[in-house]
Amino acid sequence: MHFSVITPTHQRHNLLPETVASVRASISAPLDFSFEHLLYDNGSHDGTAAYLREAAAQPGPPLRHWHDAARCRPGFARNQLSAQAPAHAWLVPLDDDDLLLQRTLYHYAAQIAANPDRPWLVADFLRVDEHGRYLPGEDYYAWQFDSPTAMLQAIFRAEHFIQGNVCYTKALLDEVGGYDAELAMAEDLDLYVRFLLAGHLPVVCPHYSHLHRFHAHNTSQGVDAARHNADLRVIYERYARQLSQLGVPEPGR
Numbered sequence: 009m010h011f012s013v014i015t016p017t018h019q020r021h022n023l024l025p026e027t028v029a030s031v032r033a034s035i036s037a038p039l040d041f042s043f044e045h046l047l048y049d050n051g052s053h054d055g056t057a058a059y060l061r062e063a064a065a066q067p068g069p070p071l072r073h074w075h076d077a078a079r080c081r082p083g084f085a086r087n088q089l090s091a092q093a094p095a096h097a098w099l100v101p102l103d104d105d106d107l108l109l110q111r112t113l114y115h116y117a118a119q120i121a122a123n124p125d126r127p128w129l130v131a132d133f134l135r136v137d138e139h140g141r142y143l144p145g146e147d148y149y150a151w152q153f154d155s156p157t158a159m160l161q162a163i164f165r166a167e168h169f170i171q172g173n174v175c176y177t178k179a180l181l182d183e184v185g186g187y188d189a190e191l192a193m194a195e196d197l198d199l200y201v202r203f204l205l206a207g208h209l210p211v212v213c214p215h216y217s218h219l220h221r222f223h224a225h226n227t228s229q230g231v232d233a234a235r236h237n238a239d240l241r242v243i244y245e246r247y248a249r250q251l252s253q254l255g256v257p258e259p260g261r
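For the sequence shown, my numbering gives the first residue as 9, with consecutive numbering after it.
Worth flagging that the hints you see were computed from the coordinates, not collected in a lab. Treat the hints with care, as some may be off.
To be verified - The following label-pair restraints were derived from C-beta to C-beta distances:
| hint | residue 1 | residue 2 | range |
| --- | --- | --- | --- |
| 1 | Asp182 | Arg135 | 11 to 21 Å |
| 2 | His168 | Ala65 | 37 to 47 Å |
| 3 | Arg61 | Glu245 | 20 to 30 Å |
| 4 | Pro38 | Ala95 | 23 to 33 Å |
| 5 | Pro38 | Pro124 | 15 to 25 Å |
| 6 | Arg241 | Glu183 | 18 to 28 Å |
| 7 | Ala121 | Gly185 | 23 to 33 Å |
| 8 | Gly185 | Arg135 | 27 to 37 Å |
| 9 | His75 | Val212 | 10 to 20 Å |
Claimed, not checked - Taking lysine to any residue and the SDA-like style, the derived pairs with C-alpha atoms no more than 25 Å apart in a straight line are:
| hint | residue 1 | residue 2 |
| --- | --- | --- |
| 10 | Lys178 | Ala189 |
| 11 | Lys178 | Arg141 |
| 12 | Lys178 | Trp151 |
| 13 | Lys178 | Gly207 |
| 14 | Lys178 | Gly260 |
| 15 | Lys178 | Arg126 |
| 16 | Lys178 | Ala58 |
| 17 | Lys178 | His53 |
| 18 | Lys178 | Ser34 |
| 19 | Lys178 | Leu219 |
| 20 | Lys178 | Glu62 |
| 21 | Lys178 | Asn123 |
| 22 | Lys178 | His73 |
| 23 | Lys178 | Gly55 |
| 24 | Lys178 | Asp125 |
| 25 | Lys178 | Ser36 |
| 26 | Lys178 | Ala37 |
| 27 | Lys178 | His215 |
| 28 | Lys178 | Leu197 |
| 29 | Lys178 | Arg165 |
| 30 | Lys178 | Asn22 |
Think of the CB as a built atom: it goes at the ideal place given N, C-alpha and C, for glycine as much as any other residue.
Just need the whole structure built from these sequences, with the hints factored in.
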């Protein structure tokens, strides 16, 4: 079993070292699996490139990195990274300001072994402030649904969402066509909607995947209920025929 943690990054040199360190701190024992960290630097001019070269030269689990002089959208960067992962890899998206917990990959591996025919998993995560202090009452918790349709209905009612708390096979990503490289926001939710439309319900794992940091420069700053509903409408319109056939109503109805 092999995990490829994928991290697009832009202008996060102040936070990225802790993100990298969190992946390298992963402990696999007593299970037998390998892992690597793949990073795509798109348009940074804050010393990120030099830092990644230095980090890649340090001993420890493999860290591979690529650089683009231009700013690109997250879906494009995620696709570039996923293409570099082995065909049999399990992909674990991790934002460049978040922290992977030390036993996350271990717990994913245990659930993969227990559910050999399920190609993706979802877990809970915790929210912390920019100094890593726990924010009570802000936990994210995954729900168990009876079917992909039930999960889609909850998503488009804005009752449930999925962020970077997933693990999925590269084969599943390829099956549904990868991330949408043109979406400016919610490219991850768009992907997970396609997983569900393909009939794949995630395994709900009994562990926390990562610490999601709230800080002044989160890409989700300003994404209130109205903006989230607007993103849902954009995604719904892309798959309206399939969703309506399943009985999933438009957002807001």
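- Item | Violated hints, by number in ascending order, as checked against the structure | Of the numbered hints given earlier, those the structure breaks are 1, 3, 9, 11, 14, 16, 17, 20, 23, 29, 30, listed in rising order.
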